[in-house]
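Engineer: Letter by letter, the chains look like this.
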Amino acid sequence: EAGVTQFPSHSVIEKGQTVTLRCDPISGHDNLYWYRRVMGKEIKFLLHFVKESKQDESGMPNNRFLAERTGGTYSTLKVQPAELEDSGVYFCASSSLHGKPANYGYTFGSGTRLTVV
Amino acid sequence: AQSVTQLGSHVSVSEGALVLLRCNYSSSVPPYLFWYVQYPNQGLQLLLKYTSAATLVKGINGFEAEFKKSETSFHLTKPSAHMSDAAEYFCAVSEMNTGNQFYFGTGTSLTVIP
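Chains as they are written, first to last, in the numbering used here: chain A, 1 to 117; chain R, 118 to 231.
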């Protein structure tokens, strides 16, 4: 089966521009997660979708970040306008298990490296 | 609140030597514990997990970790390092009863010297 796919793998944009990251989860996985790793720091949770609904968006840093998952399949994470501190690696993950999926581990994508200059 | 500390952002070992990557956690409730590995240009891959069964957990590629509640530790070990083990390793926790997200450490980059 195909894994979690993220696009693009790298993106370099100027401060103030808009960038949209995409995540295609494993087919049939209802749970989709976004995480971010800022350089040298820990990987931090951003939000969690169950199908098309936002289950938990407590980790979203501010209202410049907008995540969507129309139709409960792929998800996009838009940053508008981008700031320098948004640079980092954005990971997407998916899981098919109901209840407490974190307890069993997710399948992660390879991430999108975002550089804001 | 959950937090994870990984001592040593960079660890170097000789090929064939013991690998020891340290992880300590703080948690107000019993956690589930994980080690993930990221090889260059790849996603995070689950190495092993502790979910309240045996305290010594065996994972893929010869790695294992031992949950020590008294020390709040979950160190990762491998008896003999191989060149292919060079990667970044992340320790993570989730809450056993309510967990739906991981709390990661800052990662340890492992270099294997031939």
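Heads up, a few of these hints could be off.
[What the hints assert, rightly or not] Pairs of lysine to any residue residues, derived as SDA-like cross-links and limited to a Cα-Cα distance of at most 25 Å, are as follows: (1) LYS44/A <-> GLY133/R; (2) LYS41/A <-> ALA170/R; (3) LYS41/A <-> ASN217/R; (4) LYS78/A <-> ASN63/A; (5) LYS44/A <-> HIS192/R; (6) LYS78/A <-> SER58/A; (7) LYS51/A <-> VAL116/A; (8) LYS41/A <-> ASN141/R; (9) LYS44/A <-> SER145/R; (10) LYS41/A <-> SER197/R; (11) LYS51/A <-> ILE13/A; (12) LYS44/A <-> LEU135/R; (13) LYS44/A <-> SER58/A; (14) LYS41/A <-> ALA203/R; (15) LYS44/A <-> THR168/R; (16) LYS41/A <-> LEU173/R; (17) LYS41/A <-> GLU212/R; (18) LYS44/A <-> ASN31/A; (19) LYS44/A <-> VAL128/R; (20) LYS186/R <-> GLY160/R; (21) LYS44/A <-> PRO8/A.
Everything labelled a hint here was simulated from the structure, so no lab data went into it.
Engineer: Please go over all the hints and tell whether each is borne out by the structure.
Structural biologist: Right, here's what the structure says about each hint:
The hinted pair formed by LYS44/A and GLY133/R fails the criterion: a straight-line CA distance of about 33 Å is larger than 25 Å. A threshold of 25 Å between alpha carbons decides the hint, and for LYS41/A with ALA170/R the separation of about 30 Å lies outside it, so the pair is violated. For the hint linking LYS41/A to ASN217/R, the alpha-carbon distance of about 21 Å falls within 25 Å, and the restraint holds. Taking the CA atoms of LYS78/A and ASN63/A, the gap is near 10 Å; set against the 25 Å cutoff, the hint holds.
Using a Cα cut-off of 25 Å, the hinted pair LYS44/A and HIS192/R holds, with the two alpha carbons roughly 21 Å apart. About 16 Å separates the Cα atoms of LYS78/A and SER58/A, which keeps this hinted pair within 25 Å; it holds. Restraint check for LYS51/A and VAL116/A: not satisfied, since their Cα atoms lie roughly 30 Å apart, outside the 25 Å limit. Proximity of LYS41/A to ASN141/R is assessed by CA-CA distance (about 16 Å); at most 25 Å being required, the pair is judged to hold.
Annotation: proposed proximity of LYS44/A to SER145/R holds, straight-line Cα distance about 19 Å (limit 25 Å). The hinted pair formed by LYS41/A and SER197/R fails the criterion: a straight-line CA distance of about 29 Å is larger than 25 Å. Distance hint between LYS51/A and ILE13/A is unfulfilled; the C-alpha atoms sit about 30 Å from each other, more than 25 Å. Our distance criterion of 25 Å between C-alpha atoms is broken by LYS44/A and LEU135/R, whose separation comes to about 30 Å.
For the proposed pair LYS44/A and SER58/A, the alpha carbon gap of about 11 Å is at most 25 Å, so the pair holds. A threshold of 25 Å between alpha carbons decides the hint, and for LYS41/A with ALA203/R the separation of about 20 Å falls inside it, so the pair holds. For a cut-off of 25 Å, the pair hint linking LYS44/A to THR168/R stands: about 21 Å separates their Cα positions. A distance of roughly 28 Å separates the Cα atoms of LYS41/A and LEU173/R; the hinted pair therefore is violated under the 25 Å criterion.
Our distance criterion of 25 Å between C-alpha atoms is met by LYS41/A and GLU212/R, whose separation comes to about 21 Å. A threshold of 25 Å between alpha carbons decides the hint, and for LYS44/A with ASN31/A the separation of about 17 Å falls inside it, so the pair holds. Among the hinted pairs, LYS44/A with VAL128/R is consistent with the structure: their alpha-carbon atoms are about 23 Å apart, no more than 25 Å. A threshold of 25 Å between alpha carbons decides the hint, and for LYS186/R with GLY160/R the separation of about 30 Å lies outside it, so the pair is violated.
In summary, the hint linking LYS44/A to PRO8/A is supported, as the alpha carbons are separated by about 20 Å, within the 25 Å threshold.
Figure legend: structure checked against the earlier numbered hints; hints not met, in rising order: 1, 2, 7, 10, 11, 12, 16 and 20.
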